[in-house]
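> Protein chains in written order, with numbering that gives the first Met the number 0: chain D, 0 to 550; chain V, 0 to 227.
Don't take each hint at face value.
Claimed, not checked - Taking lysine to aspartate or glutamate pairs in the EDC-like style, the calculated list, with each CA pair at most 20 angstroms apart, reads:
{"#": "1", "chain 1": "D", "residue 1": "Lys548", "chain 2": "V", "residue 2": "Asp101"}
{"#": "2", "chain 1": "D", "residue 1": "Lys366", "chain 2": "D", "residue 2": "Asp395"}
{"#": "3", "chain 1": "V", "residue 1": "Lys46", "chain 2": "D", "residue 2": "Asp514"}
{"#": "4", "chain 1": "D", "residue 1": "Lys358", "chain 2": "D", "residue 2": "Glu346"}
{"#": "5", "chain 1": "V", "residue 1": "Lys46", "chain 2": "D", "residue 2": "Glu487"}
{"#": "6", "chain 1": "V", "residue 1": "Lys46", "chain 2": "D", "residue 2": "Asp305"}
{"#": "7", "chain 1": "V", "residue 1": "Lys46", "chain 2": "D", "residue 2": "Asp331"}
{"#": "8", "chain 1": "D", "residue 1": "Lys309", "chain 2": "V", "residue 2": "Asp151"}
{"#": "9", "chain 1": "V", "residue 1": "Lys46", "chain 2": "D", "residue 2": "Asp488"}
None of these hints come from the bench; they were simulated from the model.
The residues making up each chain are set out below.
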Amino acid sequence: MKFLAKIAAGWLCTGLIMTGLVAVPAVQAQLEVLDENQAPGRTMARQAVKERQVWITADHSRHAILQQAFTSGPEVTKACLSCHELAAGQFHKTIHWTWLDPNVPPGERIGKAGHSINNFCINLNGNEPRCTSCHAGYGWRDSRFNFNDEAAVDCLVCHEQTGTYKKFPTGAGFPVQEPTLFKGNHKTYNPPDWNKVAQSVGRPTRANCGTCHFNGGGGDGVKHGDLDSSLTKPNKALDVHMGMDGQDFDCVRCHTTTLHNIAGRTYATPAATHRKSLIEDDLASKIMCESCHSSTPHKPGAKANDHTDKVACQTCHIPQFARVNPTKMAWDWSQAGRKKDGKPYAEKGPYGKPTYDTKKGTFRWEKDVQPAYFWFNGAINAITARDTIDPSKPVDINWPVGRRADENARIFPFKVHEGRQPYDKINKNLLIPKLFGKKGTGAYWAEYDWKKALGNGMQAAGLSFSGEYDFVDTRYVFPITHMVAPKEDAVACIECHRADGRLAGLTGFYMPGRDHFKTINIIGWVLVLGTLVGVTLHGLGRAIARGRKED
Amino acid sequence: MTGNQMVNTYLYTRYERFWHWLQTALITILLATGFEVNGLYTLLGYKTAVAVHNFVGLTWLIAFAFFVFWLFTTGEWKQYVPTTKKMFTVIHYYMFGIFRGDPHPVPKRREAKHNPLQRIAYLSVAACLLPIQMVSGFLYWSYNSWAAWGLDGLSLPVVAAVHMLGAFGVLSFLIGHVYMTTTGHTLLAHIRAMITGWEEIREGVELEDWEKRPRQGHPPAETEASSA
Chain D
0 MKFLAKIAAG
10 WLCTGLIMTG
20 LVAVPAVQAQ
30 LEVLDENQAP
40 GRTMARQAVK
50 ERQVWITADH
60 SRHAILQQAF
70 TSGPEVTKAC
80 LSCHELAAGQ
90 FHKTIHWTWL
100 DPNVPPGERI
110 GKAGHSINNF
120 CINLNGNEPR
130 CTSCHAGYGW
140 RDSRFNFNDE
150 AAVDCLVCHE
160 QTGTYKKFPT
170 GAGFPVQEPT
180 LFKGNHKTYN
190 PPDWNKVAQS
200 VGRPTRANCG
210 TCHFNGGGGD
220 GVKHGDLDSS
230 LTKPNKALDV
240 HMGMDGQDFD
250 CVRCHTTTLH
260 NIAGRTYATP
270 AATHRKSLIE
280 DDLASKIMCE
290 SCHSSTPHKP
300 GAKANDHTDK
310 VACQTCHIPQ
320 FARVNPTKMA
330 WDWSQAGRKK
340 DGKPYAEKGP
350 YGKPTYDTKK
360 GTFRWEKDVQ
370 PAYFWFNGAI
380 NAITARDTID
390 PSKPVDINWP
400 VGRRADENAR
410 IFPFKVHEGR
420 QPYDKINKNL
430 LIPKLFGKKG
440 TGAYWAEYDW
450 KKALGNGMQA
460 AGLSFSGEYD
470 FVDTRYVFPI
480 THMVAPKEDA
490 VACIECHRAD
500 GRLAGLTGFY
510 MPGRDHFKTI
520 NIIGWVLVLG
530 TLVGVTLHGL
540 GRAIARGRKE
550 D
Chain V
0 MTGNQMVNTY
10 LYTRYERFWH
20 WLQTALITIL
30 LATGFEVNGL
40 YTLLGYKTAV
50 AVHNFVGLTW
60 LIAFAFFVFW
70 LFTTGEWKQY
80 VPTTKKMFTV
90 IHYYMFGIFR
100 GDPHPVPKRR
110 EAKHNPLQRI
120 AYLSVAACLL
130 PIQMVSGFLY
140 WSYNSWAAWG
150 LDGLSLPVVA
160 AVHMLGAFGV
170 LSFLIGHVYM
180 TTTGHTLLAH
190 IRAMITGWEE
200 IREGVELEDW
210 EKRPRQGHPP
220 AETEASSA
């Protein structure tokens, strides 16, 4: 009704008035509400973030227990637990510790530590010391790691605020004891100043979370596309919320935390099943766009408000991902193993990023990537190394769940990472290679023997390998939800509402501007052109007839 | 030829002319923006085209209600009552007579502005084609409210297809209609009449019974002798 009122008001305004000028005051009242900055979503969001000064009542640098001479991480953890005695117990129950989906029975082995597969370094099993440099713990070298050891929790990686605390890339989660060079990136890692880092602790910042989440897949921006080191100190153009020239949100501003459980999606479990505003539920565990901006965030009458039931905010408001740093878009393991003069080598391409590495194969990096779009209800299903695949076509390792008919499904942006990776030709399943290890362990990165590496990797995972392998094309999706651009940069209507637009691949529904009725267009144009030809001929006939008469 | 004297006659009242040209503007804008939204070309940009199309469409809907009100309160609706009388004579005229310079078999009069062909054409347009466009357009616009209005059964592609087909019909009518304005005794005579209200018509053509508006007490047509 509001829009009808607006139409009526505007109509009267434009001089098409036929009766009475009594409506003019009402028109003015209407126009005030239509002011751009009065969009209810922006107003609500502002209210939600104003006065957000956090305050604390403890100064950890004054705690005597943090002034002792530490020699290792677990010693610091014990000091932390002397006051925060429930912290390790809480953390042990979270996915950040178990690396297993907390919403399915552990026996199903869904998760990094289980049989879940990706098309980057594929799986953790057999490769622990390298992969677990991103585990918030100490000493996960192999399957014998004690998950009940409270002192093995690494408090510092998430809470220290000096930015100097580094876990060594192949140290099973430990920092080094003395300065050590890592050949993988030619950087020297220094032992932490334990007192300094321990006394600096506070709430996790973007830098803390980014330690792992910006570097997933073994390097900056490899995995997600919407998470990389550019978000450590972003401006508003890169992310309107995290921008340091704006609200300067930390990750935990939206990924709210209860008992060390950090809100977010885990595998097939959506971050939140319903999109509610904080007015509806101010204790919602996960802050979604709608929590602050409402489900009608645009100014009254804007068509965009009619889109929010079927199109996620991210779809229009994240026009491209990887807008500052490039992200890896393709990884072909089948090309690994080539050597120059009998030696492994690496090549760099655009953006200074590797395009080939004997250990890993070929890569493709891209910047300013336009997302792919799928219906998405917040859940992502995935196969494991136990599932049967059809190697005759590209294998979807994971895929967004949702159909247009789903009330909770919306069109959502994704990064699709293309892979080519080993599978078992006889058993028809994806394979887990042992990549990391010294010579003699059968690790691919030491011996370049796929058969050995695959046999050892599958054995470490407790799975069987027939001995026959080949490579298959795979796809892996990441939902794109960070790097929200300022509203001026939002995706324009025409980018989807046209035949070759961003949503050309989504079928099963009619979309104005994108879809056409061929038969109706043919009938229509025959009718229109027929009329045009008819009147033209008639007119010519009259002109000729008149000409003759005048002669 | 009977009655060679041309008489300047007041054919179209102020509201009638206003309505005609307003509708012309609205329909032209709707066609231009509609085909842009459909993807035929880029003119205003998609977002603006949609906004303009919606605004003008709803404006048309409201303005059309005034037109219907006018039509029935003035009795002008009788001008749209279809008839087959002289229909074929008129068709024959446009097919042959017009090329020979014959006079129109059913010239305009104040009380009977539409010849039988116009009656059937305008009735089809005003009572059928335009309402179809308005209803399908309104439904298209209100798509997000269908569920709330209990219209879940409607199909967007069907509504869109009807609206599209209607648009071609309107465009086709517009072309024919504009051409027909050139068939007066001069090329611009009909257009001039629709602007000023006055048109020169032959004197002494009697209204036939079937053409008469059965309305009582209507003042005689304002006429004045042409200086020609």
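> Hint by hint, say whether it matches the structure.
Status of the hints after comparison with the structure:
no.	hint	verdict
1	Lys548/D to Asp101/V	holds (12 angstroms)
2	Lys366/D to Asp395/D	violated (23 angstroms)
3	Lys46/V to Asp514/D	holds (17 angstroms)
4	Lys358/D to Glu346/D	holds (12 angstroms)
5	Lys46/V to Glu487/D	holds (14 angstroms)
6	Lys46/V to Asp305/D	holds (14 angstroms)
7	Lys46/V to Asp331/D	violated (42 angstroms)
8	Lys309/D to Asp151/V	holds (16 angstroms)
9	Lys46/V to Asp488/D	holds (15 angstroms)
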